[in-house]
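S.K.: For the protein sequence lines, the chains are Z and Y, in the order given. Sequential numbering from 952 applies to the first sequence in this note's numbering. Sequential numbering from 12 applies to the second sequence in this note's numbering.
Think of the hints as simulated: they come from the structure by calculation, not from any bench. Be a bit skeptical, because a hint or two may be false.
Said to hold, decoys possible - Only pairs whose alpha carbons sit at most 27 Å apart, straight line, appear in this in silico DSS-like list of lysine-lysine:
#1 Y:Lys21 <-> Z:Lys1300
#2 Z:Lys1041 <-> Y:Lys21
#3 Z:Lys1337 <-> Z:Lys1207
#4 Z:Lys1041 <-> Y:Lys20
The model shown is predicted, which means the values in this text are computed figures rather than measured ones.
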Amino acid sequence: MYNLTIAELAKGLRAGEFSSVELTQTYLQRIHQHSELNAYVTVTDELALQQAQAADAKLASGDASLLTGIPIAQKDIFCTLGVKTTCGSKMLDNFIAPYNATVVDKLNQAGVVMLGKVNMDEFAMGSSNETSYYGPTKNPWNTNTVPGGSSGGSATAVAARLAVCATGTDTGGSIRQPAALCGITGLKPTYGRVSRYGMIAYASSLDQGGPMTRSAEDAAILLQAMAGFDEKDSTSVDQPVPNYLADLNKPLAGLKIGLPKEFFTADLNSDMVATLEAGINHYRQLGAEVKEISMPTLKMAIPAYYVIAPAECSANLSRFDGVRFGYRCENPADLADLYTRSRGEAFGKEVKRRILMGTYALSAGYYDAYYIKAQKIRRLISDDFKNALAEVDVIMGPVTPTPAFGIGEKLANPIEMYLSDIYTIAINLAGLPAMSIPAGFINGLPVGLQIIGNYFDEARLLNVAHQYQQVTGWHQQVPKGFE
Amino acid sequence: MSLTASDVKKIAHLARLGIDDQDVESYANDLSGMLDLMTQMSELDTNNVIPMAHPLDQIQRLRPDVVTEHNQREHFQAIAPQVEDGLYLVPKVIE
Chain Z
952 MYNLTIAELA KGLRAGEFSS VELTQTYLQR IHQHSELNAY VTVTDELALQ
1002 QAQAADAKLA SGDASLLTGI PIAQKDIFCT LGVKTTCGSK MLDNFIAPYN
1052 ATVVDKLNQA GVVMLGKVNM DEFAMGSSNE TSYYGPTKNP WNTNTVPGGS
1102 SGGSATAVAA RLAVCATGTD TGGSIRQPAA LCGITGLKPT YGRVSRYGMI
1152 AYASSLDQGG PMTRSAEDAA ILLQAMAGFD EKDSTSVDQP VPNYLADLNK
1202 PLAGLKIGLP KEFFTADLNS DMVATLEAGI NHYRQLGAEV KEISMPTLKM
1252 AIPAYYVIAP AECSANLSRF DGVRFGYRCE NPADLADLYT RSRGEAFGKE
1302 VKRRILMGTY ALSAGYYDAY YIKAQKIRRL ISDDFKNALA EVDVIMGPVT
1352 PTPAFGIGEK LANPIEMYLS DIYTIAINLA GLPAMSIPAG FINGLPVGLQ
1402 IIGNYFDEAR LLNVAHQYQQ VTGWHQQVPK GFE
Chain Y
12 MSLTASDVKK IAHLARLGID DQDVESYAND LSGMLDLMTQ MSELDTNNVI
62 PMAHPLDQIQ RLRPDVVTEH NQREHFQAIA PQVEDGLYLV PKVIE
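Using the sequences and the accompanying hints, generate a full structural model.
M.R.: Okay, here's the thing in structure tokens:
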């Protein structure tokens, strides 16, 4: 039962092969059985069973969506009314949100069953899930390796069958990179497609929520419920949401795929190149035309990102001051001491590093040299993508430079960790949608293929991913011990 | 470009962020490394480029000037560290 996709489960639930309560009990049992993966921060057993009972009633009455009764894991960055929302930080270890994120409301309306809240890098700052206050989540393909981050708990939960699907958020690759390292399907939508209301902010001009699933079809089902205009999010885009399932089966003959030569340099090792090449060959066989393209400013994405994201982080995280909610230090001497110590005691090292960097970049005398310069480069990168996407329908490339790395391997060297985001962050700067789909293995560890599309062209990305998944079985592989 | 320990302390003060004395050196190193990365940006001529603040160049929406938020003080204060008579309590600011 726990190997079935959303579409298969929806059929089984309607045919009466099993109930949502039975399905939920199976998943809850697996979550507790595999607690060593540290995927969940909070498991909501009781709430899940209540939601499952309600879902069964809806299914019986015929008033149900494809997601009714489907067990889901919510990334612990989405505020959930009455359930602890930690964002992976000591700062919010005691935080029970007084409202639901729009994404949570929308999914609840669709009838999902929330199994719990999953682990993540602290405030979504990290690429390995190691910066979480609750300890690292482990990659089910090899528990000595990281699941990626920041949505590492989401990726592990889906890959290890501890949830049917999960929500994630992506500021610089935080959906796509863990999806790649855990062998699942992840989609970062166009900036503004999914509401950011109640999604704890890291870098507001880059943050975007999206689905993490076992197949492109499941991603289409989940995105359908998540996407849409929300007046509570001032950057939400008021544009109709298409039917993401409608185009899944469109043939790919004539599809134009661009491969940026800047993605396939000597920095990418030959095993990765061979695995990606094999994936791209499937597209040739499906009738796609593949051509090399050039995007010269791509290499500037890392410096620009590591100015813009920390700058926005330092502004966003100034709200955590120990006054209205969250952690407060003991016996503050005065107000300055209350702020300084509450923040100092409750933020972890990576968060502090980015607050310091951002504060510096925004401070008097440096603002133009760093922040404005980075925003100008951001436009050049975005123009590069616009030019490329005028020539081709989608762009393909790696998601990560290597498969999953060892726990502790890169923690001591933050710059090296940042450099591993090279293939994902330019997409956030441009605000484009992109997916990661499983495309093979190296030494038993999954490799992701990235598909980048034009603004609001999620339906095409899902179609391109789904067609690949009709002729390959990489997305159906299950880590050993979790079958 | 490199930052010194005293630069780091100054930045930490601006951010009202407590950092342990023993960590100051390592932050100075990390931030210097990040700044080295950022100096690469100067390789690109951006003289006539308009800074990009929003991926879709969207501006803030306006809405009708009507009340949309209602008073939820008790609800919000239920999660506050210290409140009294509907007020958030902090250490005394004015003697």
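S.K.: So, against the hints stated earlier in the document, which numbers end up violated here?
M.R.: Violated hints: none; all satisfied.
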